[in-house]
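Protein sequences, first through last, are from chains A, B and C. Residue numbers for the first sequence follow my numbering, so the first one is 1 and each next one is one higher. Residue numbers for the second sequence follow my numbering, so the first one is 1 and each next one is one higher. Residue numbers for the third sequence follow my numbering, so the first one is 1 and each next one is one higher.
These are computed hints drawn from the structure, not numbers from a lab. Keep in mind that the hints are not guaranteed to be accurate.
[Stated by the list, open to error] Once the Cα atoms are required to be at most 20 Å apart in a straight line, the calculated SDA-like pairs of lysine to any residue come out as: (1) Lys-116/C with Gln-718/B; (2) Lys-116/C with Glu-53/A; (3) Lys-126/B with Asn-16/C; (4) Lys-292/C with Glu-72/B; (5) Lys-867/B with Thr-64/A; (6) Lys-24/A with Ile-140/B; (7) Lys-126/B with Arg-12/C; (8) Lys-867/B with Glu-892/B; (9) Lys-52/B with Asp-140/C; (10) Lys-116/C with Ser-74/A; (11) Lys-867/B with Pro-46/A; (12) Lys-126/B with Lys-292/C; (13) Lys-126/B with Gly-118/C; (14) Lys-254/C with Thr-64/A; (15) Lys-292/C with Thr-127/B; (16) Lys-254/C with Ser-74/A; (17) Lys-254/C with Asp-34/A; (18) Lys-950/B with Val-95/C; (19) Lys-292/C with Glu-910/B; (20) Lys-861/B with Asp-34/A; (21) Lys-126/B with Val-151/C; (22) Lys-116/C with Thr-64/A; (23) Lys-950/B with Asp-140/C; (24) Lys-52/B with Leu-10/C; (25) Lys-649/B with Trp-41/A; (26) Lys-292/C with Gln-134/B; (27) Lys-116/C with Arg-151/B; (28) Lys-867/B with Glu-53/A; (29) Lys-292/C with Gln-718/B; (30) Lys-649/B with Pro-724/B; (31) Lys-126/B with Gln-3/C; (32) Lys-24/A with Pro-724/B; (33) Lys-126/B with Val-95/C; (34) Lys-292/C with Asp-863/B; (35) Lys-24/A with Asp-863/B; (36) Lys-292/C with Leu-135/B; (37) Lys-292/C with Arg-151/B; (38) Lys-950/B with Gly-118/C.
Since we're looking at a predicted model, the values are computed, not measured.
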Amino acid sequence: MLLITCPFCGPRNESEFVYGGPVKPPRPDPATRDDAEWTEWLTHVPNPVGPVEEQWWHARGCGTWLTIWRDTRSHDIVGAPHDGG
Amino acid sequence: MAGKRLAKGGRIDHDRPLRFTFNGRAYSGLAGDTLASALLANGLRLTARSFKYHRPRGIVGAGVEEPSALVELTGADAAGNLQATTVPLTDGLEARSVNCWPSPAFDLGAVAQLAGRFIPAGFYYKTFKWPNWQLYAPAIRRAAGLAAAPRTPPAEGRYEARYGHCDLLIAGAGPAGLMAAQVAARAGLRVMIVDEGTEPGGALLSRRLQIAGAPALQWVEEAVAELAALPDVIHLQQATVWACREHNYLMATERAPERPGLMERSWRIRAGHVITATGAMERAIPFGNNDRPGVMLASAVQSYVNRYAVLPGRRAVIFANNNSAYAVAADLLAAGGQVVAIIDSRADVPEAARALVPQLTVRAGHVVISAHGARALRGVRIAPLAGGPEETLACDLLAVSGGWNPAVHLWSQSRSTLRYDEALAAFLPDRPAQAFSAAGAAAGAFALEDALRSGAEVAARIANVAVPEIPDAQDLPYAIAPHWRVEAARGKAFLDLQNDVTVDDVHLALREGYSDVELVKRYTTAGMGIDQGKTGNVNVIGTVALARGLEPGAVGTTTFRAPWTPVSFGAIAGMRDGQLALPWRHTPVTQWNLDRGAVMYEAGARWRRPGYFPRPGETMQEAVDRECRAVRFGVGVYDGSPLGKFELKGRCVGRFLDFLYSNIMSSLTPGNGRYGLMLSDDGLIMDDGVCFRLDAGRWMISTSTGHAEAIHSHMEEQLQMRCPGWNVLITPVTSQWTNATICGPQARAVMEALGTDIDLSPEAFPFMSLRDGHVAGLPARVVRVSFTGELSFEVNVAPRHMRELWDRVMEAGADFGILPVGSEASHVLRVEKGFLSLGHEVDGTVDAHDLGMGWVMSRKKDDYLGKRAVAIRRAGSHGGAGRRELVGVLPEPDCPIPEGAPLTPGGRREATEGFVTACVWSVVQERWVGLALLENGHARQGETAYVRLKGGAVIPVRVSAPCHYDPDGQRLRS
Amino acid sequence: MPQRYSLVSLLRHGLNRHTTWAPAWRSPQLKDRYDVIVIGAGGHGLATAYYLAKEHGVTNIAVLERGWLGGGNIARNTITIRSNYMRDASIPFYVKSVALYEAMTRELDFNTMHSKRGMIDVIQTWGMMRDRRRRQHIMDIHGATYEQLSVAELRHRVPALTGGGPEARLPVLGAFVHTDAAVNRHDAVAWAYARAIDAMGGAIHQQTPVTQLLRGRDGRIEGVETPRGTVRAPKVVIAVSGHTTSLTETLGLKLPLRSMNLTAFVSEPVRPLIDVIINCPDAGVYLSQTDKGELVIGGPPDPGQSYRRDIKQGVFEETVASMLSLFPAFKRLKLLRQWGGHLDIAPDASPIQDETEVPGLFVTAGWWGGYKAIPAGGLTLAHLVATGRPHPLMEPFSLRRFRHLDYQMETGTTTAR
């Protein structure tokens, strides 16, 4: 039972949230991508042993979709890794 | 023989006798006893038979570490596989030993003892292969298991669960835990202190120690009283913290909550910080026949003497490799017991230890090599460690201490690490992985003063206050020289008494290549019993270390898994029981449906809908046909309230819906609607429904019943994560709008009879439009959609008006023979029309083109969710050929086809080319009609395809268009 | 050949107090070159090595294991062996796997305690009834058994199932029995394969983690890096459920996989109570009883990617409540142990077995309930590795399918997140 901090409601139990998958790169403009690039964007997600950025929906709360960085080894919610790191 | 009750002392009430039975015989114990202490007080030694060899076993421990004395309770408190040492004695308790028949003294399974030599660890992997395991399995399964499984749920009584929130959770109310609680609570922290014993005090209950010049238990009493007076402290006894999850979420179960009818209470605790003050458990030293009843852990002997006023034996020998057993000897003497000698494997015994019992013979540098006696201990054989003359000491009690293992289970569950400490010969908490600390014996602070200090220091650090003065407490310092096994042992030397794992078994495992400690555990089953190896595991590690020439720290521990002690499933489920497990959602007419004998179906999203309304004497088919005919030839009505509904508002809704739906919604004019499909971005069909524009900036969409929440989530995700800044507000209104859908050729007449201010003429109110007004005097939104293929008016009203509307519809419709229609009839009607049902025709492989709905995939829009993926998939390896496409099927000759039946080429037994998604008796065609997904089906209309049923029967079917009725849609537009 | 295991050998060695048993496998020296390296001594890795040696004569094999032999998901599953699938692509593969499991004890001279006790699917919604009826006919075509049971027959066969009555939240509507289904002893499967591989000359190296895949100048796989040194081979097989992408990413190779934690738990041991595997797809729980008497119970995976071998309390409580809704008497039964295992899942939740875009580097991944697939998965992968051609039973489950989004969906209308 994660303790997830909603930006509006504060720390809440995971049971108030719906898991929404890892964050992928922003959806590209399909016109600028070939089929191989498009299917790769569709089917590949980050899968690290360590911090992953993921989406949660505060379904039984304020309805916000939010993102957190969670360490997949421990479930610890961690800070975003440094840019360019 | 053996044990006897002392005249006074202990934590028991000598004036409150309790009666109980054990294996059918009546005994008497005292209030405050456990079942184990009462059995010992009654002189009972042999309490069980072992799992594999059926060897006689007695009581070994005094608490949760007990590996041997397993009992089953019968009667009102029936439960299996309990440790006699943790069952509080109650009046009328009925218990019996497990795993022996007919009784522990006369156990037929004991023949296994004779074969013992030939059934070492893993013997079953090497035999029972011919002809197959199943021949032997039933007999072995009968021998398996310990207690009988519970046959019935608890007749009365319930479980509950509640949440606990605290700054500090302390597991264990022994000296370290209480000290920590005191410091933290005084500093103003919200504290929970949870202890598994029947009363607080931990090890102090079993020892004769002083704190601040008074009996230690007086200090316990004062500390508990102080905590009780503080408002932010919750103190639970007979409650076990059994699991630690992520983010310091811990599970505890209260076994004896003080509330009538409540059997157990679960606690889900979110703790800012956790202190494991869980104490330590003594381990044994393996020697020959070390399982004889009468061989006990020294700490258990101490507990029986001091806490329960029971002398477990008349003539005791102590066998130890550390100091703690000397205090046990002293306590035995003080209670009037006789101690023959202390056998200490250490050559040099610390003077402080000897000084506790100066009158006793200490045989330093000696070990016990074997125990004597058949069903109970009669004596021990001892010898110098270095070899030399053996001698026999007569005794009926052997108190063994092989050292202490901190109870690190909870600590390790949090993924915090351990280190092996050579001085203490034990695994100790090392680095915490969550906000965790260990204190007291659980952290290796075995002596009382150290334990108190460690509790105070840890709590002071957490509370950010100064460490208070520690009360004065005298205890013998701990010192140990580990002795993992007696090399000269004769007879089976057990490491794990519960699973009958011996030192030889571990050696065999190592010899055969099972060298990792995890493999040793799995091959021998050591530590896999109900006690999870609380007394034996570290000795297994020590034995492996000795054999492999490693340090125990290099061998490492096996994984510590929840739960710490077994927890009942009832407590885990808490209040999720019966209707509370998954509550139904009701519409205002659910009760009306039930009153009319509707057969109710699960409809998704916890809604329940009527399947059909059988009349007395009617079969299901007859009832469904009757309801279908009403809709096709007269009028029917159904409650469509559970359908998912959302209102979207804002400047960008049109654009947003165009992204979500595969077709164009932005071009709709107010009052008009369109059917649409929502795809996932990888091109799979997520949902279908209708979308209406209410006015310039307001829209209303419907989703299928079961997908409402998923679509809500999907829409919000797209809006918030992908379309930031778009002016769209999404409001779920499923429960705000309830509806009665009137359908059939007489629907307009019924609407007129109800009375409405809406012009119902097809010109003024055409198909796929929506009007606000009044129906039967109630404010209503009427929508002309049709899921049946007939003229339909979906009359939406506020839920508070729904029941009234429904009654008025039934009254107004009575003249037209209106019937309520269930989901079975709806299914028939939609199959006749070839309308899509997600649950039937969509299974993750088909797209809109396959379903003959290519028109719903907009070509005008450059982009929408799933567009590119569908194109890629269709252009893919098959080039769009060989796809399974939706067709109608007409069985020839006319007969029903089971839903899901496969179509194979020529009806032959080979890979399928499709399957029948639905087949119903059509009241308009008066024959069986169906729908199917068939390879290249669109091009095969008019051909014959073949259904192949289980068993080989083949049914030819004529392939047709999916729509079996009114293909032009005249009726639904009428 | 290793010494044979039998009652006779047991008696003979018993007379010597079992001090004369030979090791089941050697602890060989790690060489710097092999014909094939298999990463992962779990079920799929061991089975692949076994069939490479047995079927294709490739015996110069090293199986490299990060931890201990058989310590992957083969040590943490619910030992359910079955073939009740829904599609032409899947059923024949699993029928083969079930058959190979049945023959394993004799073939490997190691009692895997295969117990063909059958599985009953308990049906509580009409949607599930439809799904299972569909399976019934197509399974028959491919030689798997699946018979419908009435509620009365179900209750007679499983007396402990007293919940799910007409008044229940989800009443039991019927059941299907899959008589081919079996359970066995998972550790024995790992050990039996290891012993056989060793006997044929293969080498199993425990405590040998692979830290880096090595690629040659020509782009082919060249070998692996381990703390014990570099090991080279022209062919490398990745069979490390859950950790597949961590390995392939050492070459910058991305795969469409997400790692999840699937959990299971056991009750205290009790006397024989249920002699069949019970699967309750609507309630979301399945269970069977081991020879030792414990009930082994499984439910859905934890939400989110995870390498924590714990259980999410919410998921766990739901699973227990689901079980109690059908077996209310188990309220008094006690939880003894719980654990999790890591698996990786593809977008269509079906397995991937293929040579990657790095020539010579093979993966077997995406197994969801992969225990039942071990023998056939090893057989097909060995075929691919040895011959360079996909085995017909595994052909649909290539990596290439994702280029065309040609999903192999077993159930459901949408992919898992």
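Check the hint pairing Lys-649/B with Pro-724/B against an upper bound of 20 Å on the C-alpha distance. holds (15 Å)
Decide if the proposed pair is consistent with the structure: Lys-649/B and Trp-41/A, CA atoms, cutoff 20 Å inclusive. Given that 20 Å is the threshold and the Cα spacing comes to 31 Å, the pair is violated.
Restraint status (C-alpha distance of Lys-254/C to Ser-74/A at most 20 Å): With a Cα-Cα distance of about 23 Å, the restraint between Lys-254/C and Ser-74/A is violated, given a limit of 20 Å.
Decide if the proposed pair is consistent with the structure: Lys-126/B and Val-151/C, CA atoms, cutoff 20 Å inclusive. violated (41 Å)
Taken at face value, is the distance from the CA of Gly-118/C to the CA of Lys-950/B at most 20 Å? holds (19 Å)
Within a Cα-Cα threshold of 20 Å, do Lys-126/B and Gly-118/C meet the stated pairing? Given pair Lys-126/B, Gly-118/C is violated - Cα atoms ~25 Å apart, limit 20 Å.
Within 20 Å, alpha carbon to alpha carbon, are Lys-116/C and Ser-74/A? Cα-Cα ~38 Å, so violated.
Within 20 Å, alpha carbon to alpha carbon, are Lys-116/C and Thr-64/A? Measuring from Cα to Cα gives roughly 50 Å; hence the hint is violated.
Need the status of pair Lys-116/C, Arg-151/B: alpha-carbon distance at most 20 Å? Given pair Lys-116/C, Arg-151/B is violated - Cα atoms ~25 Å apart, limit 20 Å.
Does Val-95/C sit within 20 Å of Lys-950/B, going by the straight-line distance between their CA atoms? With a Cα-Cα distance of about 16 Å, the restraint between Lys-950/B and Val-95/C holds, given a limit of 20 Å.
Does the structure keep Lys-126/B and Arg-12/C at a Cα separation of 20 Å or less? Status holds; Cα separation ~13 Å.
Straight-line Cα separation of Lys-292/C and Glu-910/B no greater than 20 Å? Violated: Lys-292/C and Glu-910/B sit about 41 Å apart, past 20 Å.
Consistency with the previously given hints fails for numbers 1, 2, 5, 6, 8, 9, 10, 11, 13, 14, 16, 19, 21, 22, 25, 27, 28, 29, 33 and 34, ordered from lowest to highest.
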